[in-house]
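With chain A fixed as given, assemble chains B and C onto it according to the hints.
The residues making up each chain are set out below.
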Amino acid sequence: MDRISQSVVKKDHLPKMSGRSVYVADYPTEGILFGKLLHGKVARAKVLGVDVPELPEGYFYVDAKDVPGDNNVNIVLDDTPVYCRETVEYIGEPIAMLCGPDEKVVEQLRDACVVHYEELEPVLDFRTAAEAFFDYHFGHGDVDKAFAEADKVYDEEFETGYQEQAYLETQGMMAVPEESGRMFVHGSAQCAYYVHGAVMRVLGCGPTGVHILQDVTGGGFGGKEAFPSILACQVAVAAHKCQKPVRCVFDRREDMEYTSKRHPSLCHYRVAVKDGKVTAMDIDVKFNAGAYSTLSAVVLQRGIIASPGIYNVPNLRVHGSAVKTNTSPCGAYRGFGAPQTFFAVEMMMDHIARDLGMDSLTFKAAHLVRQGDPTSTCGKYHFPVPIPAMIDEVDAACDYRMKRERYARPQTGRFRRGIGMSMYFHGAGFTGSGERDLIKAVAKLRKYADGTVEILASNGEIGQGVRTTFPKIVANELNLPLEKVYYDHPDTARVPDSGPTVASRSLMVVGELLRRAAIKLREQWIDGQEQEVEERFREPDFVIPFYIDKFQGDAYPTYAWAVNAIEVEVDTYTGITKILGAYGSFDVGTPIDYNVVLGQMEGGFLQGIGYASIEKMDYDAKGRIRNNSFSDYLIPTTKDVPNLKCMLHVEKYPDGPYGAKGAGELPLVGAPGAYVEAMEQALGGVKLHHAPFTAEDTLAVIAKEGL
Amino acid sequence: MVNGYAPASLQEALELRAKYDVVPYAGGTDLMVENRPGVTYLFLHRVPELRQITVDGDYIRIGAAVTFTEALADERVPQLMKEAVSRIAAPAIRNAGTFGGNLGNGSAKADSVLIEFVADARLRLVSLNGERIVDVDKFYLGRKRLDLRNDELIAEILLPKTGLERFSYEKVGGRNALAISRVSFAGVFGMENGRITNVAAAFGAVADTVLRYKDIEAMLIGKTFEEAKALKAGYLKAYADRMVLTRGRVSAEYRKNVCMNLLSDFLAKFGI
Amino acid sequence: MDGIRFILNGTPVVYDGSAADRLLDVLRDIFRCTSVKCGCKEGECGACSVLMDGVLYNSCCVAMGAVEGASVVTMEGFRESERFAVLEKAFGEVSAVQCGFCIPGMVLAAEALLSRNPHPTEDEIREGLSGNLCRCTGYNAIVNAVGIAAKEGDGLW
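Chains as they are written, first to last, in numbering that gives the first Met the number 0: chain A, 0 to 706; chain B, 0 to 271; chain C, 0 to 156.
The hints are simulated quantities; they were obtained by calculation from the structure and are not laboratory data.
Once the Cα atoms are required to be at most 25 Å apart in a straight line, the calculated PhoX-like pairs of lysine-lysine come out as: (1) B:K108 <-> A:K638; (2) A:K577 <-> B:K81; (3) A:K439 <-> A:K651; (4) A:K703 <-> B:K231; (5) A:K638 <-> A:K577.
Computed, partial: chain A to chain C, Cβ under 10 Å: (6) P14; (7) M16; (8) P27; (9) Q164; (10) Q463; (11) Y593; (12) M600; (13) T636; (14) C645.
C-beta atoms are modelled at their ideal positions from N, C-alpha and C, and glycine is treated no differently.
Isolated chain A, as found in the complex (with noise of 0.2 Å):
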């Protein structure tokens, strides 16, 4: 192991396990208002007028005429409103928001507002949905010609259901008028220059006229990635009316039913098969992105270019879409629309296999792209790729092929058992020129007399150990012990803008920036002193520029890794499977720290899991979630999955820091995949089409097939 890999204590270890770390809910209440939001409650209508209650002293009530600047979140595009327009177009929409100093009272006040609707049809099937917020389209090669000379054609579809971030701090935000005008806003996030930038738009000032502090932050995976910036907008608008501290913290109701989760999917697959390979593959994949855009048009982005898997595929059409409903808007996920595409293929691929009488693994590897060979968008997989030995790592660790075959035999009892696997790669960074055109990275080094060294960044800490693995990059190139380098939760007014926390960019493109950064500190080091230093991104040499137009060229510049394997049983009883065991293989390059990678494979392993398996939300014929409270939306327990066992294969990327690549998002990817595929076997070599595959659906297929 790298002397780099090496696990330290987390910087952030001691306040979190003590529990004197401060959330945003933890802020002292004196002098603070509490906000509410108002919520509509159809799915899509007119907003004719609100009969508010006659409100004490003291108390507010806050939309979108209170709004200084643009009554719009910039997000990707800026469809989203701070308060609603004339119309709600999902139930949950915030027509409102009440103020007060009694939190109590605040939610009567809410409770007795009566919001008059003239009520409009909604569009809830996105099989059907006409409206496309964003439509792609890509490929190469012939695909009318392969598929005119196949042996034979596939035409298969697949689903995926909604994905809740369920980060067990809710999203919460806290707006301060400072007494110099300015607006200081903190917050559960993961984005402070998102919010920062949406913030300035919306309370009309420029980039000094607010600030955005990070708070120690409960989890994101995603969900905090956008949707804080439009809290971060209501609260700062009532702040601004209010003149008084705000602060809004969501209910675990509240924030399941109405903040951004995982797209629901439909992606349609045809391919052709000519001499037992495949040829090419049309595909199209339809994502549900809810009532307005906000990041459905990056999300879907990364789900086509994945859509052909890490197969070679000579003639490909890839369409995509992100269609507007009525619900919930859908946002960023961890996989970030990788997860609904990857599952698609493998699934498809398992098919074709079956279909021609080999095992899929069989199958699957006589497809995998190599160094060298062209990514789906006539890029370069430019770094060799794993996949081969990390199948044998995964069999090793599971006795997969000898499992694969006997579960493959006819099965009777009660109990019966498959065993499926999955390969992937997540692509490291932001899609496309994205890093290079739109986030142009800037990381800060600042170095004190006493001979301590601050980073100056702008990534938070939401689990994942930058505030530790920031400065062992850091304390490393400048030979410094740890405790003389640190890395505060980030304030927009002290630190540049080094990215948002997306992507599984932070490590490995800051990460890169601050080993630079430290290098150059080294070089100029004087013993007390106060110095600082600064580094830009650049984009690698070798990378072929993509151009989104098209979609071609390199849309990452490398690639981590994995291959999952997850064991089942089935009771055909009463449909409840027992994972016998669950076993990933992940490249994500050197780890900065082997205990922080691990349990981020583990986590986000674990989520997948859940995903495939138990994680079912859906709207009724209203539009309305339901499954909005953990006792009904339901995410694995520490019994769950006790045989969990997460490998790390390191392909080291030169251009990351000591060779790590992107971490975060990997381990999720994979397990629809797996799972789905174990569930078959057990299932007599069924095909299924869609996940989450529930005890529900394993019986209704029991009975089906008169299993």
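Here is chains B and C on its own, set in the frame of chain A:
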């Protein structure tokens, strides 16, 4: 205290119950989720008479304010009941949750109540005017409707001392812990001199109340193995025809399917 | 009327509000024990776990009337103990803390488990912590940490 009374004896509790409009509070795990505004609670955790487990000639008597954790640690509590309560939620909920509260909440998902149904348990209800003993299935009048007067408290659950040794219990939840039952099943079997004496079967979480059909059970009572085997198909059909299940977070079809599988397995387990 | 008297982290205190109020809210808002986290208010996540007379409870599901006379321990009190020091070291060693939100409740669940069962098996640890949701870690590191603490803290529990 404001909005609450914490009596130290059953007599005092009954007086308060008769005098005020109070909601009996035992463990709080359901009440606090409901969190009714303006409620006044009658806290029962300090009432010694409700906190004990005793055994007399016929019954194991579990006090209404006995927690699930306490019952799990008591060797006199039948294994069947322990199987069920050991799978309730998680330790913190079992530390607070009580037998009386599980009954008083009126839900068909209550895991201890399922066992009371299958075991022909009886309840001792007390008031200042005296006490009455009711069969648990009579106590449930419908969804969230109980045969409990405004001046009464549930004092004890009376479980038969014998006859619960041969059982089948299955809880079908959404995950391995912290799971609310989607279907629960308990069966108790008895045989003497080659003839079936008991074939009780109860289904939880599938309808407004726990379901049990004694008239269908009667088809097999007094029968030999061979006779019962011959009757099995008709017996299962009778259940299938009778059970009209409600949908919840899972469909009625799923529930029915699981119920029939578990019922059939129960008979198979005991040789039928 | 008399207030509700109880012991909070070793100190006698009185609460004058409603007996129907949640212990969770009272601990956080009145006594400023903000280590007690609110994750759901429905007894489904364990983030608000506290010890009452040594027994683990979800403080969101406890009405103040049920607290009278009890001794309540939150992380504010427990962190002063030798047992905490052992758990703290073990959790740190395996980096079992990620976002941290579940941790105070998780650690009190571990304390409740170890005080009943000082040398639990892995299954027993998983059972003991089964009411405490964590979305970050996948639980392995937490389960390992409790196992390490049981070994290192031999004799403390």
